[in-house]
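**Q** Given chain A, work out where chain B should sit, using these hints.
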Amino acid sequence: MSLLSNTAILLGKELRTEFRSRELLTTTAVFILIVLVLFSFAINPGTEEAREFAPGLLWLAILFASSLMFQSCFLREQTNDTLSSLRLAVSDPFAIFLAKLIANTLFLLLTELMMLPFFAIFYNIPLWSKLPVLILVLFVGSLGISITGTAISAISAQARMRELLLPLLLLPLLTPVLVVSTLVTASLLDREPVVQWKGIGFLAVFDLIFLTALWLFGEYLLEE
Amino acid sequence: MTALRIPPTGLRFENIDKRYGGLFALRRVSFEIAPGECVVLAGRNGSGKTTLLRVAAQIVKPTAGKLSFPGADEVLPANGRPGYVAHTTMVYDELTAEENLLLFGKLQNVENPAARAEELLREVGLIERRDSLVRTFSRGMRQRIAIARALIHRPSVLLFDEPATGLDPPGITWLANTLREVNRAGCTVVMSLHGESEISALATRAVQLDAGSVVADTQSGASLHSILTFGSA
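Chains as they are written, first to last, in numbering that gives the first Met the number 0: chain A, 0 to 223; chain B, 0 to 232.
Read the hints as simulated data drawn from the structure, not as lab findings. Don't be surprised by glycine CBs; every beta carbon is placed ideally from N, CA and C. Just so you know, not all the hints are guaranteed correct.
Cross-link-like lysine to any residue pairs, in silico, SDA-like; alpha carbons within 25 Å at most [claimed, not checked]:
hint	chain 1	residue 1	chain 2	residue 2
1	B	Lys-65	B	Gly-20
2	A	Lys-197	A	Val-178
3	B	Lys-60	A	Leu-2
4	B	Lys-65	A	Gly-217
5	B	Lys-60	A	Phe-216
6	B	Lys-65	A	Ser-90
7	A	Lys-129	A	Ile-42
8	B	Lys-60	A	Leu-215
9	B	Lys-60	A	Leu-213
10	B	Lys-65	A	Thr-46
11	B	Lys-65	A	Arg-86
12	B	Lys-60	A	Ala-158
13	B	Lys-60	A	Trp-214
14	B	Lys-65	A	Asp-91
15	A	Lys-129	A	Leu-32
16	A	Lys-129	A	Thr-46
17	B	Lys-60	A	Asp-80
18	A	Lys-197	A	Val-132
19	A	Lys-129	A	Ser-39
20	B	Lys-60	A	Ser-39
21	B	Lys-60	B	Glu-31
22	B	Lys-60	A	Ser-1
23	B	Lys-60	A	Gln-77
24	B	Lys-60	A	Ala-212
25	B	Lys-60	A	Gln-157
26	A	Lys-129	A	Leu-59
27	B	Lys-60	A	Met-160
28	B	Lys-60	A	Arg-75
Over 10 Å on every C-beta distance to chain B, these chain A residues come out as not near it, computed from the model [unchecked claim]:
hint	residue
29	Val-34
30	Arg-50
31	Gly-200
With the rest of the complex left out, here is chain A (with noise of 0.2 Å):
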């Protein structure tokens, strides 16, 4: 009980910082927006090619913002050290992690949703019918980069080379992820469109198998 209502403060504290400064939603929203933009120049709208690359450029620009979040998601609890007083106000210190990568999910999901007419104008690939599909494959891949991410992100953050630290140990790790959302994704937004169930069901292994890792060794991640 204490784990849940714990997780309940400490997401309620990410969300009150993130809606006020809005730091994190509008590097992210920026950063995928432009990405999709550049590449609507070199890929013809409307088309195979564009039907074929566009999903892989979505997921694309998705994990490189995401790493541009992941870099500040613990490095701010820094500044201050409110990572120890939190360490020292929490009975389970994985309520500080499950915070985090909730909101880091949401945040995410937020601003895949308000990148995804952009993405359907751009690209002329109508997504209607396919939204609730959709929706669960970002739900399931952005999950598993919140949570890989959330965790790399606290190692990372009392690094020296913290930066470089963090893509280079996020992107091989992501990779799966990367792959199979990508892979759904396109079938899903074929011509013919078909719902890849083993691919999202892997997505999920994927998440439950990194979530469980972060429950069992979370803690040691936040010593100094």
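**A** Chain B only, in chain A's frame:
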């Protein structure tokens, strides 16, 4: 200051070592602090005072040795952990003074956190600025909110790392009075200080560290004065 949340608790350091790579920050530190004692940690910069306080706060795990809390079944409950004031404020700049206290009060299961936050804001003289973001505060005001955060759950052990930093003379008097009150209520106080002040006058014992080891431990008035003023007993 109202009653403590858990019974008065002491601190026992047994052969504590803390190593960062090849550097020993603490080396075989062993001493005991009785429940309700007020102890000053003295020593030059880099002597290990901050590391010892962080070990006592359970923020840093010792490389070797054992830390225990006599009087509290040796292990502190999660909601009875020490109150710790560090060099940094340990509060969020993007939250208001009241939001910060409510956050830590709720996390530590404080009964009626809103009333407790208001009581503390009044005590530290920040009630007028309760809705101001901490980032708009002066250094002294930040120190006051940091102290309020440490007191929010009525801890039975208080650990202060140079608590007078940034406080003006009335602030130091206020802090000395607050510490006197919590100490009278049975709270164990351990603080690192440089030089003598109103705050150091509360101490009944001084432990001097040098290069991570305890080199003096005295309760006698003259030696205590000498450690605080000249850095040796």
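**Q** Indicate, hint by hint, whether the structure satisfies it.
**A** Hint check results:
Under the criterion of a C-alpha separation no larger than 25 Å, the hint pairing B:Lys-65 with B:Gly-20 is consistent with the structure, at around 20 Å. Restraint check for A:Lys-197 and A:Val-178: the C-alpha separation of about 13 Å stays at or below 25 Å, so the hint holds. A threshold of 25 Å between alpha carbons decides the hint, and for B:Lys-60 with A:Leu-2 the separation of about 22 Å falls inside it, so the pair holds. Between B:Lys-65 and A:Gly-217, the direct Cα distance comes to roughly 23 Å. Compliance with the 25 Å bound is thereby established for this hinted pair.
Simply put, B:Lys-60 and A:Phe-216 have alpha-carbon atoms about 16 Å apart, close enough for the 25 Å limit, and the pair holds. Of the supplied pair hints, the one linking B:Lys-65 and A:Ser-90 holds, its CA atoms being roughly 21 Å apart against a limit of 25 Å. Among the hinted pairs, A:Lys-129 with A:Ile-42 is consistent with the structure: their alpha-carbon atoms are about 22 Å apart, no more than 25 Å. Restraint check for B:Lys-60 and A:Leu-215: satisfied, since their Cα atoms lie roughly 18 Å apart, inside the 25 Å limit.
Proposed proximity of B:Lys-60 and A:Leu-213 is supported: the alpha carbons are some 20 Å apart, at most 25 Å. A hinted pair counts as satisfied when its Cα atoms are at most 25 Å apart, and B:Lys-65 with A:Thr-46 does not qualify at roughly 68 Å. Restraint check for B:Lys-65 and A:Arg-86: the C-alpha separation of about 20 Å stays at or below 25 Å, so the hint holds. For the given pair, B:Lys-60 sits about 18 Å from A:Ala-158 by alpha-carbon distance, which is consistent with the 25 Å threshold.
Note on B:Lys-60 and A:Trp-214: the hinted pairing holds, with a Cα-Cα distance of about 20 Å set against a maximum of 25 Å. Distance hint between B:Lys-65 and A:Asp-91 is fulfilled; the C-alpha atoms sit about 21 Å from each other, no more than 25 Å. Restraint check for A:Lys-129 and A:Leu-32: the C-alpha separation of about 21 Å stays at or below 25 Å, so the hint holds. Between A:Lys-129 and A:Thr-46 the alpha-carbon distance is near 18 Å, which keeps this suggested pair within the 25 Å criterion.
Our distance criterion of 25 Å between C-alpha atoms is met by B:Lys-60 and A:Asp-80, whose separation comes to about 16 Å. Distance restraint check for A:Lys-197 and A:Val-132: the Cα-Cα separation of roughly 13 Å lies within the 25 Å cut-off, and the hinted pair is therefore satisfied. Restraint check for A:Lys-129 and A:Ser-39: satisfied, since their Cα atoms lie roughly 21 Å apart, inside the 25 Å limit. Simply put, B:Lys-60 and A:Ser-39 have alpha-carbon atoms about 52 Å apart, too far for the 25 Å limit, and the pair is violated.
At roughly 18 Å between alpha-carbon atoms, B:Lys-60 and B:Glu-31 fall within 25 Å of each other, so this suggested pair holds. Restraint check: the Cα-Cα separation between B:Lys-60 and A:Ser-1 comes to about 23 Å, which is no more than 25 Å; the hinted pair holds. A distance of roughly 18 Å separates the Cα atoms of B:Lys-60 and A:Gln-77; the hinted pair therefore holds under the 25 Å criterion. The suggested pairing of B:Lys-60 with A:Ala-212 holds, with an alpha-carbon distance near 22 Å, which does not exceed 25 Å.
Proximity of B:Lys-60 to A:Gln-157 is assessed by CA-CA distance (about 16 Å); at most 25 Å being required, the pair is judged to hold. Distance check on the hinted pair: A:Lys-129 and A:Leu-59 sit about 20 Å apart at the alpha-carbon level, within 25 Å; holds. With a CA separation close to 24 Å, the supplied pair B:Lys-60 and A:Met-160 stays within the 25 Å bound. Taking the CA atoms of B:Lys-60 and A:Arg-75, the gap is near 23 Å; set against the 25 Å cutoff, the hint holds.
No Cβ of chain B comes within 10 Å of the Cβ of A:Val-34; the nearest lies about 28 Å off, and the non-interface call holds. The claim that A:Arg-50 lies off the interface holds: its Cβ sits roughly 43 Å from the closest Cβ of chain B, which is beyond the 10 Å cut-off. Separation of A:Gly-200 from chain B is adequate, the least Cβ-Cβ distance of about 36 Å exceeding the 10 Å criterion.
Hint compliance for this structure: hints 10, 20 are broken, all remaining hints hold.
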